[in-house]
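K.L.:
Residue numbers (this note's numbering), protein chains in the order written: chain V, 210 to 607; chain Z, 210 to 607.
These are computed hints drawn from the structure, not numbers from a lab. Honestly, I wouldn't trust all of these hints.
A pair holds if it fits inside one copy or across any two, identical chains being indistinguishable in the list.
Dumping the calculated DSS-like pairs for lysine-lysine here, alpha-carbon to alpha-carbon at most 30 angstroms [unchecked claim]:
(1) 539 / 468
(2) 378 / 368
(3) 378 / 366
(4) 212 / 607
(5) 212 / 378
(6) 539 / 607
(7) 212 / 368
(8) 282 / 378
(9) 378 / 468
(10) 482 / 212
(11) 371 / 485
(12) 468 / 482
(13) 468 / 366
Every value quoted in this text rests on a predicted model; they were computed, and no experiment measured them.
Number of protein chains: 2
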Amino acid sequence: MDKAQLESIVARYRQNLLDGVVPFWLEHSVDREHGGYLHHLDRDGSVFDDRKMMWMQGRGVWTFSALYERVEKRDEWLEAARVGAEFLRGRCRDRDGNLYFLVARDGTPLMAPYNWASEAFAALGWAAYSRVSGESWAADEARNTLDVFMRRRENPKGKWNKAMPGSPKLVASGVPMILLNLVGELGGVIESERLELIAAECIETIGLITGPDGTMYEFTNPDGSRPAGPEGRHVNPGHAIEMSWFMLEEVRRRAGSGKSEAADDELVALALKVLKRNLEIGWDEEHGGIYYFLDIEGRPHPALEWNMKLWWPHTEAVYALMLAAEMTGKQWCDEWFERVDAYTWLNFPDMEREGAWFGYLDRRGERTHEMKGGRFKGFFHVPRALMLVAESAERRAK
Amino acid sequence: MDKAQLESIVARYRQNLLDGVVPFWLEHSVDREHGGYLHHLDRDGSVFDDRKMMWMQGRGVWTFSALYERVEKRDEWLEAARVGAEFLRGRCRDRDGNLYFLVARDGTPLMAPYNWASEAFAALGWAAYSRVSGESWAADEARNTLDVFMRRRENPKGKWNKAMPGSPKLVASGVPMILLNLVGELGGVIESERLELIAAECIETIGLITGPDGTMYEFTNPDGSRPAGPEGRHVNPGHAIEMSWFMLEEVRRRAGSGKSEAADDELVALALKVLKRNLEIGWDEEHGGIYYFLDIEGRPHPALEWNMKLWWPHTEAVYALMLAAEMTGKQWCDEWFERVDAYTWLNFPDMEREGAWFGYLDRRGERTHEMKGGRFKGFFHVPRALMLVAESAERRAK
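In isolation and in its complexed conformation, chain V is listed as follows:
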């Protein structure tokens, strides 16, 4: 890609971020009355469900903090981050510090804390908020919540785990994935030695769940072999692609903190192999776009929605490809970027209405939902990718 192409990408991504996505969420999501973020938002921003998923609270805090930290020091962004950070600090936790999965608009707990990712995203949000606000309580919350997460990860669902003792114990890709993302955010919040230990553990697990050809499996046996049945064949290309840029960011983190290792080249090579392979198997050659799920052997996938095209694998792919191109200069990264970028911009931003993004398409690319935010779509993947792609392209253009 030449300088003009890169500059055009910077302009396009930043314009959509600042004129489309951020204003939409700032106006419709930030709950000035009860705190936190409303995130079940229809096409026009109207709220079709006023309950609040905990995931979306932590993620929103992260995104508003990151905008303030990385894009511009706008008071309204810092203030919007505070609205979420303080809501999370409130009544959203049980006595053990576990975050409820779902709360009412005013924070009344509605669904038990059975999902460990709630803690991970809250820690992510508080860590970023503590950096931009300088408020030390937020760093304490991030640290404490990380502890809750680490305590829970052996049996993440706790008493809500429905697997019987006789069922196979599987390694899930979600834990190292979320932890590696956290590693990049927790510098300055936890001791450096602990951070390095967590990072090393993540990299080891990633090696375990990745096949020799780069396919990343959602579930493996503890020895890395694949379990029988659909779990062992289940691939989530978006997860694998997102993981690939977490790995690349880990190499950048080490470089930034003077901790570069001989193993860094290997990690970059692994990240690129994972990225390329999972794009290749995840891409729909007929209709374009990245499948949501795959059965690696082409057997029937248990999820009815497996062949849908969701926004987030595409946002993760454009950033993974831009960063990989920046770090390695590989031609195929730019070629794939152009392909994924074209599909993404054709289908997801709502260009009839300022540009906030739709999220759900069927295999052909027709929208199944008009909503801009939902149970699992908040203010996170889209602004993050827009921000990070623009940053990386800007560095390359210089």
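For this one, chain V is given, so just place chain Z on it according to the hints.
P.N.:
Then chain Z, alone, in the frame of chain V:
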């Protein structure tokens, strides 16, 4: 419909049942080695997951028993029913008699008994099997399992319930629905007085969850009002349509047992209102077929697969319409039957391979899965509808 039309329907439904559907499941599903039924069956009948869902065990026992009882006294059908009935009797239960949700091929429990429908379908299967086999232990099992179901229904998910004490208690349509189906099968297994009490309770609840226009809601408040948010707007047209023929069968049961009531006409009228209204709102005027789920106000539905077309709402609709036409002679029932029947036969039976049915289409009617059986598709809705439609059409033709 004239006699020739009805006879042609009888021939077509029975031929597909006897030459397509039953041979496929008899060959590929009945597990001669470990007992029970394999039901994750790919297009060619090969097993892509050898675990066994408890739902599909009870349902399979019911279907093989019903074939023997209603279609023909074939020993291989009775024997296939026994293979499931005895598997269920084995190690599939915990100490309290709750049935595990999922077991390994050999019956080893894999997933905890968090789902009350397992007991309901087992009771259905054992009751039918006890009638055709004359084995009294099966009637005892049906009775005991009904007791487990009745004990559990106040808090069906038990300790796996993730709703917090502060969340609204909702009335779910699933309980009266499954119970009303059971009422039709448990005559002779439980005392008649108890049966009538259960039936009366079901009818009362159905009144509660049905709007004045006939829309049947999946969830209502205990006073029949609709809860705020997506639960209160959630409609499952297939459930409502299936419920409508359970109501009609209840009227037939009362007539058959000499218990006809003045209220029967009202129940028939309610069943027809529910049937018509939920077909009208559930039908996709653009591409044909019945939507899987709806938001009654047209807001975004939380389920990604809401606009897919699944086999079972269509099988339930053809039978509900045929039976309604038989019982009331209404012209619109025949007109709707022809419409639903045409869509169903065009899309679901695999006519390139003897006629066992596919299950999953996207909104346009393109198959998303090639499988004939899956986690929630066993040997139940298709053969049941084929059998019952043929019976009803045959009575009408005479």
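K.L.:
Which numbered conditions among the earlier hints are violated in the structure presented, ordered from lowest to highest?
P.N.:
5, 7, 8, 9, 11 and 13
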